[in-house]
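Going line by line, the protein sequences match chains A and B. According to numbering that gives the first Met the number 0, the first sequence is numbered sequentially starting from 0. According to numbering that gives the first Met the number 0, the second sequence is numbered sequentially starting from 0.
Hints in this document: simulated from the structure, not taken from any laboratory. As the structure is a computational prediction, the values presented were derived from the model and not from experiment. Quick reminder that beta carbons are idealized off the backbone N, C-alpha and C, glycines included. Careful, some of the hints might be misleading.
Capping the alpha-carbon separation at 20 angstroms, the derived lysine to aspartate or glutamate pairs in EDC-like fashion look like this [what the hints assert, rightly or not]: (1) B/Lys48 - A/Asp25; (2) A/Lys308 - B/Glu168; (3) A/Lys328 - B/Glu168; (4) A/Lys83 - B/Glu43.
Some, not all, of what chain A presents toward chain B, calculated at C-beta under 8 angstroms [claimed, not checked]: (5) Ile21; (6) Asp25; (7) Phe118; (8) Val123; (9) Asn268; (10) Pro270.
Covered stretches of chain B (chain A as the covering partner; in silico rule of three or more C-beta atoms under 8 angstroms from a C-beta of chain A) [stated by the list, open to error]: (11) 3 to 15; (12) 47 to 57.
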Amino acid sequence: MSKSTTSIASKEDGLLQQDRSIVGPDDRILVTGAAGFIGSRVLQNLLDRGLRNVVCFVRPSSELSEIEAIIERRPPDARIEVRKGNLLSREDCEAAAKDAAVIYHLAAGTGEKSFPDAFLNSVVATRNLIEASLRFGNLRRFVLVSSFAVYSNRDKPNGRILDESCPIEEHPELRGEAYCFAKVRQEQLVSEYGKNSGVPFVLVRPGSVYGKKGDITGRVGIAAFGPFLHLGGSNKIPFTHVDNCADAIVLAGLVKGIDGEAFNVVDDNLPSSRQFLRLYKKNARKFRSIYVPHAISYALCYLWEKYSKWSQGQLPPVFNRRRWHTEWKKTRYSNKKLKAKLGWTPKVSTSEGMRRYIETCKPDGRYA
Amino acid sequence: MLRVAIVGCGKIADSHALQIQRIEGCEIVAVCDREPLMAKQLYERFPVKQYFTDLAELLDRARPDVVHITTPAESHFDIAKFCLEHDCHVYVEKPFTLYAEQAERLVDLAERKRVKLTVGHNDQFSHVARRMRALVQSGYLGGAPVHMESYYTYDLGDPSYARALLGDENHWVRRLPGKLLQNVISHGIARIAEFIPSDSPQVIAHGFVSSLLKQIDEREIVDELRVIISEEQGTTAYFTFSSQMKPPMHLLRLYGPKNGLILDQDHEILLRLRGQKFKSYADMFIPPALFAKQHLGNLFTNVRLFLGRDFHMDSGMKYLIESFYRSIRDDSPVPIPYREILLTARIMDAIFSQMSSDRSHERFAALPQPVPSE
Numbered sequence: 000m001s002k003s004t005t006s007i008a009s010k011e012d013g014l015l016q017q018d019r020s021i022v023g024p025d026d027r028i029l030v031t032g033a034a035g036f037i038g039s040r041v042l043q044n045l046l047d048r049g050l051r052n053v054v055c056f057v058r059p060s061s062e063l064s065e066i067e068a069i070i071e072r073r074p075p076d077a078r079i080e081v082r083k084g085n086l087l088s089r090e091d092c093e094a095a096a097k098d099a100a101v102i103y104h105l106a107a108g109t110g111e112k113s114f115p116d117a118f119l120n121s122v123v124a125t126r127n128l129i130e131a132s133l134r135f136g137n138l139r140r141f142v143l144v145s146s147f148a149v150y151s152n153r154d155k156p157n158g159r160i161l162d163e164s165c166p167i168e169e170h171p172e173l174r175g176e177a178y179c180f181a182k183v184r185q186e187q188l189v190s191e192y193g194k195n196s197g198v199p200f201v202l203v204r205p206g207s208v209y210g211k212k213g214d215i216t217g218r219v220g221i222a223a224f225g226p227f228l229h230l231g232g233s234n235k236i237p238f239t240h241v242d243n244c245a246d247a248i249v250l251a252g253l254v255k256g257i258d259g260e261a262f263n264v265v266d267d268n269l270p271s272s273r274q275f276l277r278l279y280k281k282n283a284r285k286f287r288s289i290y291v292p293h294a295i296s297y298a299l300c301y302l303w304e305k306y307s308k309w310s311q312g313q314l315p316p317v318f319n320r321r322r323w324h325t326e327w328k329k330t331r332y333s334n335k336k337l338k339a340k341l342g343w344t345p346k347v348s349t350s351e352g353m354r355r356y357i358e359t360c361k362p363d364g365r366y367a
Numbered sequence: 000m001l002r003v004a005i006v007g008c009g010k011i012a013d014s015h016a017l018q019i020q021r022i023e024g025c026e027i028v029a030v031c032d033r034e035p036l037m038a039k040q041l042y043e044r045f046p047v048k049q050y051f052t053d054l055a056e057l058l059d060r061a062r063p064d065v066v067h068i069t070t071p072a073e074s075h076f077d078i079a080k081f082c083l084e085h086d087c088h089v090y091v092e093k094p095f096t097l098y099a100e101q102a103e104r105l106v107d108l109a110e111r112k113r114v115k116l117t118v119g120h121n122d123q124f125s126h127v128a129r130r131m132r133a134l135v136q137s138g139y140l141g142g143a144p145v146h147m148e149s150y151y152t153y154d155l156g157d158p159s160y161a162r163a164l165l166g167d168e169n170h171w172v173r174r175l176p177g178k179l180l181q182n183v184i185s186h187g188i189a190r191i192a193e194f195i196p197s198d199s200p201q202v203i204a205h206g207f208v209s210s211l212l213k214q215i216d217e218r219e220i221v222d223e224l225r226v227i228i229s230e231e232q233g234t235t236a237y238f239t240f241s242s243q244m245k246p247p248m249h250l251l252r253l254y255g256p257k258n259g260l261i262l263d264q265d266h267e268i269l270l271r272l273r274g275q276k277f278k279s280y281a282d283m284f285i286p287p288a289l290f291a292k293q294h295l296g297n298l299f300t301n302v303r304l305f306l307g308r309d310f311h312m313d314s315g316m317k318y319l320i321e322s323f324y325r326s327i328r329d330d331s332p333v334p335i336p337y338r339e340i341l342l343t344a345r346i347m348d349a350i351f352s353q354m355s356s357d358r359s360h361e362r363f364a365a366l367p368q369p370v371p372s373e
């Protein structure tokens, strides 16, 4: 690094020099959903890279202990503003987006089961935020944190690579998942603002983000019917450790020359569903699981879908072939684009990430 | 073909659209929401012909026969009034209005305009509720109910609603006169109103903030309510609303001079309570066997309904909508008598008036309060 170049660098590695970055250390950065699992890591990553002017937008009901801990140990010259509000309020959005050079939009819909709730808290909230930022004319990058859920993954043979070139779900309303519908429409909205209003945006699509105690991802299996049904089998699970994911998100907001691009976020050396489950059951908690081969899970999804239609929704269409293709079809994943264009590398190896994760899952008896 | 419109495209509008599309002889000609994105998303996901952001424009261009109002409660009165004035039949989601006086004005307007009006008390039309009503009408109780107990619990842990409510000081539910209670208790009160013979019962309400909410510094939301309702002819009722009671229940106990009935909405169970005792030890052996038989009967009924594709979660809503549409087509009586809608509104008014803002929200008790009749 030349002496004359200011750098926005992560502590560990991955120097991001000023000539590669669209912002300087004092530019205002807004992070929505900053109190969340990923949001707090994004905040920490921004500070580690030397950004000194960060606004954290959180819900009034958010648990702030993680943010407060970060504020406590922040560099002396860093300013962190915690702003409570609701993205459905245009006034709150304006106050938050004022003079923001980069917006990291992580806040997500809370009504996972309800289509209107998920849509309202994702799409309408995003529209409000973008509209607010347009009033100030200072926005250099809008980073939307989306999801793998937007991909259709159909019309591809088993085992093919899912990357950024793969098609998005054309009819997300038929997937039976409010979250998928909201995320697809949210991406479309942001793309339209990019096209029609010149909003410089980047889409970040993390796979299964792990790192704290929570339900086992549905890509491995489900426990909705009593015993844990293991559906993943030999499928690779697109895990990304929360720190690696936060790193990718932060880079997507800083690196020059990537406007309009989408990036999948998955780590290297992904475990198979079977490997993960074995590790989990051996080290975190023992429980009974029943393996359901892919042909059978496909047939069950097909039957559920047909029954749901025949019975006019007596069972909601939450299991269907579209979902099967996305979650349980044998697929490989790539992070080549992320590495090539953002210079991202996973700082937490999968083996180390899994070790830490399993530790967090140990204390009590729930499927973590 | 009955032309239907839905105003308000939030969560409950989905249930309406789902049930309406299952009913023959009707079509959703338009949906409306002030937020264009919300109107569009409902339009995209259901067979809907048009979407609007302006109600007047919808009424003018889509020309609906029936309007379903699924907006937040504070707007029910104005929207319903506007639709009635435009000669539309109106289905208003619960709670019907904010005040009984508004409910009376809507009923009066509907009668003057010769259009129909109903409220979304769909729990009254679940399979089990209809079976209970048929038994009561057949005289099973042996006369008018002597006493009723209506239980209605609400899980504040539900992330999709309660967290948003508790975390948002500007949530629309907080602006309702009865706050959380107003948005939730009408189903449980309506069950009682159906069987209260008088139009002016006395209401004693006692409400408080649960210890759980106090722990998180919530002082405004009353989430525990106990009500005693009594009337001159001797029928009495207890109403219990709780966010803390377990197991969760939506239950009505109905006691007549001869027999009783228990309606368990959550499990779709109806139990007959035999008034006569068996002799000696037989009273300890025969009734358990008879209850077991009744439980088996409920199980078989539920399985039969499920196999017959008639056991949807919102089956009560479909039945209510279907009955309402039939009353429009045939000009027959509406499925929920206006008296029952008004009495429910008056009892709720009486409850909320005992929670006036100049008292502590944490704890209050009130003197008996007669419900004013028309």
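Outcome of the hint check:
Between the alpha carbons of lysine 48 of chain B and aspartate 25 of chain A the distance comes to roughly 51 angstroms, so the proposed pair goes past 20 angstroms and is violated. Using a Cα cut-off of 20 angstroms, the hinted pair lysine 308 of chain A and glutamate 168 of chain B is violated, with the two alpha carbons roughly 41 angstroms apart. At roughly 44 angstroms between alpha-carbon atoms, lysine 328 of chain A and glutamate 168 of chain B are farther apart than 20 angstroms, so this suggested pair is violated. For a cut-off of 20 angstroms, the pair hint linking lysine 83 of chain A to glutamate 43 of chain B is broken: about 33 angstroms separates their Cα positions.
With 8 angstroms as the threshold, the beta carbon of isoleucine 21 of chain A stays out of range of chain B, its nearest partner Cβ sitting at about 29 angstroms, so the hint is violated. A least Cβ separation of about 32 angstroms between aspartate 25 of chain A and chain B goes past the 8 angstroms threshold, and the interface hint is therefore violated. Annotation: phenylalanine 118 of chain A was flagged as interfacial toward chain B, and the flag holds, the nearest CB pair being 5 angstroms apart, inside 8 angstroms. Restraint check, valine 123 of chain A versus chain B: the minimum CB separation of about 5 angstroms is within 8 angstroms; hint holds.
A hinted interface residue such as asparagine 268 of chain A counts as satisfied when its beta carbon comes closer than 8 angstroms to some beta carbon of chain B; here the least separation is about 34 angstroms, so the hint is violated. The criterion of a C-beta within 8 angstroms of any C-beta in chain B is not met by proline 270 of chain A, whose closest approach is roughly 30 angstroms, and the hint is violated. For the region 3 to 15 of chain B, the stated coverage by chain A is satisfied: 5 residues place a CB nearer than 8 angstroms to a CB of that chain, which reaches the threshold of 3. Counting residues of the region 47 to 57 of chain B whose C-beta sits closer than 8 angstroms to any C-beta of chain A gives 0, which falls short of three, so the coverage hint is violated.
The structure shown violates the earlier hints numbered 1, 2, 3, 4, 5, 6, 9, 10 and 12.
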